[in-house]
Amino acid sequence: MSKKLPLYLILPSLLLALFVISYPLYELINLSLSDVNRFGKIRGFIGIENFTYIFEDPLFIDAALRTVLWTVAVVGGTILFSVPIAVILNTDFHGRGIARTILMLPWAISLPMTAIVWRWSLNGEFGMLNATLMNLGFIETPIVWLAESALAFPVQIGLGILVSIPFTITIFLGGLSSIPQDLYEAAKMDGANIWQQFKRITYPLLRPFINMAIVLNVIYVFNSFPIIWVLTQGGPNNETDILVTYLYKQAFNFGHIGEASAVSLVMFGVLLVFTIFYARMVMKNEK
Amino acid sequence: MALTKKTKRSLWCWLALSPIICVIIFPFAVMFFTAVKPRDEVFTFPPTWLPSRFEWQNYIDMWHATKFGDALFNSLYVSFSATIITLIVAIPAAYALARYHFAAKSSYRLFLLVTQMLSPIVLVVGLFRLVVWLGLIDSVNSLVLIYAGFNIAFAIWMLQNYFQTIPKDLEESSWMEGASFLQGLIKVFLPMAIPAIAVTSMFTFINSWNEFVLALTVLRTEENYTLPIQVYSLVGGRYTVEWHHVMAAALVASLPAAILFSWLQKKLVTGLSSGAVK
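Chains as they are written, first to last, in the working numbering: chain R, 1 to 287; chain E, 1 to 278.
Since the hints were derived computationally from the structure, they do not count as laboratory data. Even for Gly, the Cβ is constructed at its ideal location relative to N, Cα and C. Treat the hints with caution; some may be incorrect.
What follows is a list of derived Cβ distance ranges for each label pair [claimed, not checked]:
no.: 1; chain 1: E; residue 1: 104; chain 2: R; residue 2: 92; range: 40 to 50 angstroms
no.: 2; chain 1: E; residue 1: 101; chain 2: R; residue 2: 272; range: 21 to 31 angstroms
no.: 3; chain 1: R; residue 1: 101; chain 2: E; residue 2: 48; range: 26 to 36 angstroms
no.: 4; chain 1: R; residue 1: 272; chain 2: E; residue 2: 169; range: 34 to 44 angstroms
no.: 5; chain 1: R; residue 1: 46; chain 2: E; residue 2: 172; range: 55 to 65 angstroms
Quick look at which bits of chain E chain R covers, simulated, 3 or more residues with Cβ under 8 angstroms [stated by the list, open to error]:
no.: 6; stretch: 23 to 35
no.: 7; stretch: 46 to 57
no.: 8; stretch: 221 to 234
no.: 9; stretch: 256 to 262
With the rest of the complex left out, here is chain R (with noise of 0.2 angstroms):
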C-alpha cells in the first residue's frame, strides 16, 4: 500500500475547506488594510487605520462589552439551567421519554424561525405573552417588550439561553450516564443525603462535560446572529449590537468594508483563543 495513500483521500476535503475558508481569509486581511470604497473597491493600502477607527469607534467599544455580557449571561444561565434538569432527566421517572423529547424541540426548529415566532409573540399589542400574562393576573397592562433595550435585551439574553438548553442537556446526558450507579448506592448507605451526593459525586464527575460545554456555547453564542438580527437588528439606537450584528451593518447597511474586515479579524483572533482552550481539553481528554 502506497504511503501517499492517506493524502490522497484527505485531498479532496483539505482543498474545499481550504478554498471556502483561506480565500475569504485572505481577502479579509487585505481589505482591513485597505481604503476601500463602499462598492468593494480597492483604492489603497492604508495600514492599520481601519483598527484604530473601529476601536475609537464608540459604538464598536459598546458592542463589544455587551458581547461580552451576551457571552457570559446566555453560557452562564444555560450551565445553570441544564445541570439540574440534565440530573432530572437522568433519574427514573413516569414519562421520562417524552420529557427528554419535549426538552430537545427548541433545537429542531432553526434559530430564525425560532427568533420570528418570538417576534410575534412579543408584539406589544396582538402579542400572546402579553395576552398569556394578562389573563394570568401577572401584569395589568401590555409591556412594549421589544422597545427599549433595557427590556429587549433581556428578553434576548433569555431567548438564548433557551435554546441553548438542549445541546447542553445533551453533553450532560452523555456525562450522567458515565457515572456508575454503585457510587450512590455507596453514598447513600453511609447516609449521604441528595445534595452531598451531588456535591461530592455527580459534580466532581461531571466538571469535564460542564467545561466541555462551556467552551462549545461560548464559541457558539459569540457567533450567534439570528436572535439579536431578527428580533431589533440591533436597534433602537444600536442599544443592543452585539460585534456580529454590529460587523454586518457595517459591510451591509454602511459600506464600511474595510471597517467590517478589521472587526471580523479581531472576531477571528478571539475565536482563535477560545479554540486553543477547546483543543487543549480535546487533547486531554484523548490522553
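Using the hints, position chain E against chain R.
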C-alpha cells in the same frame, strides 16, 4: 411500595420541569394557533388563544401568497447538493483518519478543529468577495459550495468516530482474497458504514436547511430565496405583516428538519457524548 415511591418521584420531576416545558411549548402553541386564525382575528385586542373557527385555508393562501413552493425547492436543492458534496469529500478523509497513521494526521485534525470553530458570520465579508469573484451572486450554487465547505469538519469528525468502531479485518480479508482496493471498500466497508453516513448526511442537511446569514447576504431576488430568508422577508422591513401567513410558513418550513431531528435525537446523544469524551 416501590411503585408509589416512583410515582411520587415522577410527580416531583414533572413539577420541577413544568416551568421550562411551558416556555418551550409556548412558541409552538403561538405558531399553531396564529396560523389557523381568520385574518381579522389575528389583529384584535386583547388577543385570544383560540380562533372562532379553524381557518385551514390559511395554509393554502400562504402557499401562494409567499411563493412557498419556490423557496421550498431552493432549500431542498441547496441542502441536498451540499450534503452530497460534503459526503463525497468527507468519507475518504474520514477513512484515512480512522485507518492510517501518517505524518500530517494530527495537524490535519487541528486544521479541521479550527474550521469547525469558525462560523460563516465571522468570515461573511470575505465569503461575499469569494462569491463575487466566482460570479455567483444571487445564485443558490454559491451556497451549496460554502455550506459543503463549512460542514466538512463536522462530517469528518462524526464519520471518523464511527469508522473506528468498524473492524479492520473485514476489508483486509477481502483484499487478501484478491479484491482491488476500491472493490474492498465499496463492497465490504461502505455497507457497514451506512448508518454513520446516514446520520452525518442528515446533520449536514439540517445545518444547510437552517442556515441564515449567508443566504441573507448572497441571495438578492425572491425567486432564489431559501426558506429562512423567504419567511424572514415576510417580517423584516414590511409595514403590515401577515402574521397568520408567516406562522403557517414557519410551521411548514420547520417540519422536515424537526421530524428528521426527533428521529435522530437518540443517535445524537450517543454520538455527541462519545465524541465529547473521546
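(request) Against the earlier hints, flag every one the structure doesn't satisfy and list their numbers going up. (result) none
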